[in-house]
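Single-letter residue listing:
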Amino acid sequence: MHKWYVVLFFFSGGLLGYLTSCMYFARKARLFLSLLKKYPSNQFKKNFTQGNLLRNTLEESYTLINKNVEKVLSKQSYIENLSHEILTPISVITGKIELLLQSKHLEETDFEIVGSILQHLQKLTKVNKSLILLSKIDAEVYDEVKKVELNIIIDDILNLFEFQIREKQLKIRKTIHKKVVIKTNVDLFEILIMNLIKNAIVHNKQGGSIKIDLSDKRIKVFNQSSHNTMLSSEIFQRFKSSSKSKKNLGLGLSIVNKINHYLGYTFKYTFSEGSHVFTVYY
Amino acid sequence: MRSYYICNMIKLLIIEDDIELIRNMSSYFDSFGYTCEKAKTFKNGLEKLKNRPYDCILLDLNLPGGNGLALLDHIKETQEKCGTIILSANSSIEDKIDGLDLGADDYLTKPFHLAELNARIRSVVRRKTFNNKTTIALNEIHIDIPAQAVKIHHHDMSLTKKEFELLLFLVNNKNKVVTKQTLSQHIWGEYMDYSASFDHIYAQLKNLRKKMLALGCKDYIKTVYGIGYKFLISSDA
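As given, the protein sequences belong to chains A and B, one line each in that order. In terms of the numbering used here, the first sequence has 4 at position 4, counting the first letter as 1, and numbering is strictly consecutive. In terms of the numbering used here, the second sequence has 80 at position 80, counting the first letter as 1, and numbering is strictly consecutive.
Watch out, some of these pointers could steer you wrong.
[Unchecked claim] PhoX-like, lysine-lysine: derived pairs with alpha carbons at most 20 angstroms apart: (1) A:96 / B:96; (2) B:206 / A:136; (3) B:206 / A:96; (4) B:174 / A:104; (5) B:174 / A:96; (6) B:96 / A:104; (7) B:230 / A:104; (8) A:168 / B:230.
Keep in mind that the hints were calculated from the coordinates and are not lab data.
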């Protein structure tokens, strides 16, 4: 009699563990949800004739897991639907503008106006994409964790911006103590580093330099700038833009801040030796 | 090798529920000589698939009556040599991989530029209908797409991969104004959109033009000030 309880206890523990780990994979959770629907609780009643307590625990856990999976999925599909609602009209407007540009009756002043509309449309699209990213992070869509080599990520991102770096004649210095591998969500980490390096390029002076210092505890990005020192609290405000620059600082660093917060990293900014220094401790 | 510029009559099926978007695409593609059929719902799409063969299908995933992904199987069953391009507001890499795994040939996220969509359609049609063997002959310009090689007056032109992509994109959208944003996103992807100026596009095109003119090519690439560029050629070659 006791043997049954022990076997069933370990079996349920294993089952709970498996079901719980499934919950953390939102993408696979869609399939999981459909599987759950095939096995309603009265099936458990049939299979486990002994142990009311055990059966109740299983049913409760099952309901809880189900609820959480649905919550994550509904948040995700809510964001996807919102995204669709916003991006489709932007797509339509972009199309109309591109069609308008083909008209034979446009004068130079008309082109200027249309050009300005396009620029602002671009801005709108960019802001929207950033907001959707922020919402997705909040909804815990990015929960998959993998081992990743940071040196490779940094090199890939520097390659991406090769043209801008050359154009601005920026000098890149990398201080890499050794090969660094960490466990993290790859998508978010790449966005994080991309934003830091992008900012370092965009807000750098012509002929300036970028230094990247990488160790297994943290990454530091130094960039020279013609801006004044920013106050630590200011850089995290969502829509603050520097008065001297047309380029918007706010949203990019807001994303950096949110990613750091979500991944549990510490983010520091200081100004030293004529350079802005951004540090991420992972 | 067949020149696919002779076959401009690409038969398109657009499966999309947004009427304005359909209108945009129709207007743009009509001027190229493509035929466009439209389906606004899942069911409509299914019916159209059974009716006639298409060269390329533009498929929106958020359809009334069903997820567009389910149509991919039907496309495989009913359409031979037809390419599929998914149009979706969702830009997650996982969905892209899912779509491509299920048999789509390309995946474009909204909002997209019409010129970009056109370039993708031509690329997909080239792969499917012409088995990847195509050249474009426009007056003195001869473009071998698989080889990524360009000849001007039978002389080889040395150009970088990006310059080739730029030229091909402009040629695919010839006689149309193509915005700097469109060109930038085509060559460098979305990462370049932070730049307020598009100096990199200006620099690349300057180089391209210089190389072409050096080989005695006519100056087909016109600048539309403040907007972008246009590959101006008077008649179909």
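Can you give the numbers of the hints that this structure goes against, from lowest to highest?
Per hint list: 1, 2, 3, 6, 8 violated.
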